[in-house]
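Visitor: In terms of my numbering, the sequence shown opens at residue 16 and continues consecutively.
Just so you know, these hints were derived from the structure itself, not from any lab. Incorrect hints may appear among the rest.
Unchecked claim - As a list, the in silico EDC-like pairs of lysine to aspartate or glutamate whose alpha-carbon atoms are at most 16 Å apart:
hint : residue 1 : residue 2
1    : K18       : D45
2    : K59       : E31
3    : K18       : E87
4    : K56       : E17
5    : K94       : E28
6    : K59       : D29
7    : K94       : D71
8    : K59       : E17
9    : K18       : E67
10   : K94       : D45
11   : K89       : D45
12   : K94       : E67
13   : K56       : E28
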Amino acid sequence: MEKRTGTVIISIEDREQASQLNAVISRHADIILCRMGYPRKNNKAIITLLLEGTTDQIGALTGQLGLLGGIEVKSALLKPRNDDE
């Protein structure tokens, strides 16, 4: 299966979920190229991940994140690129 490049934006509304969120992200560290976090007011935060993996790998990560309460997840993937061109 070919790899895709994409991004995931995670809005954390409840920081009580931070340890579970970090555990999920750590389990998928092999597809994460970059992680950037931005703390916000009222105990909220945004995390952006730059990923490279198969659609199955990326879907597993976003699916597990989506199951956490107090977390909103959005993802976008680039079309596969032919490196021969």
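Visitor: Could you run down the list of hints and mark each one as holding or not?
Guide: Against the structure, the hints come out as follows:
For the hint linking K18 to D45, the alpha-carbon distance of about 12 Å falls within 16 Å, and the restraint holds. Under the criterion of a C-alpha separation no larger than 16 Å, the hint pairing K59 with E31 is consistent with the structure, at around 10 Å. Between K18 and E87, the direct Cα distance comes to roughly 24 Å. Violation of the 16 Å bound is thereby established for this hinted pair. Between K56 and E17 the alpha-carbon distance is near 40 Å, which puts this suggested pair outside the 16 Å criterion.
Simply put, K94 and E28 have alpha-carbon atoms about 30 Å apart, too far for the 16 Å limit, and the pair is violated. For a cut-off of 16 Å, the pair hint linking K59 to D29 stands: about 6 Å separates their Cα positions. Pair hint K94 plus D71 holds up; C-alpha atoms about 15 Å apart against a cutoff of 16 Å. With a C-alpha separation of about 35 Å, the suggested pair K59 and E17 falls outside the 16 Å cut-off, and the hint is violated.
Between K18 and E67 the alpha-carbon distance is near 6 Å, which keeps this suggested pair within the 16 Å criterion. At most 16 Å may separate the alpha-carbon atoms for a hinted pair to count; K94 and D45 exceed this at roughly 20 Å. For the given pair, K89 sits about 20 Å from D45 by alpha-carbon distance, which is inconsistent with the 16 Å threshold. A threshold of 16 Å between alpha carbons decides the hint, and for K94 with E67 the separation of about 12 Å falls inside it, so the pair holds.
Taking the CA atoms of K56 and E28, the gap is about 10 Å. The hint holds against a cut of 16 Å.
The earlier numbered hints that this structure contradicts are 3, 4, 5, 8, 10 and 11.
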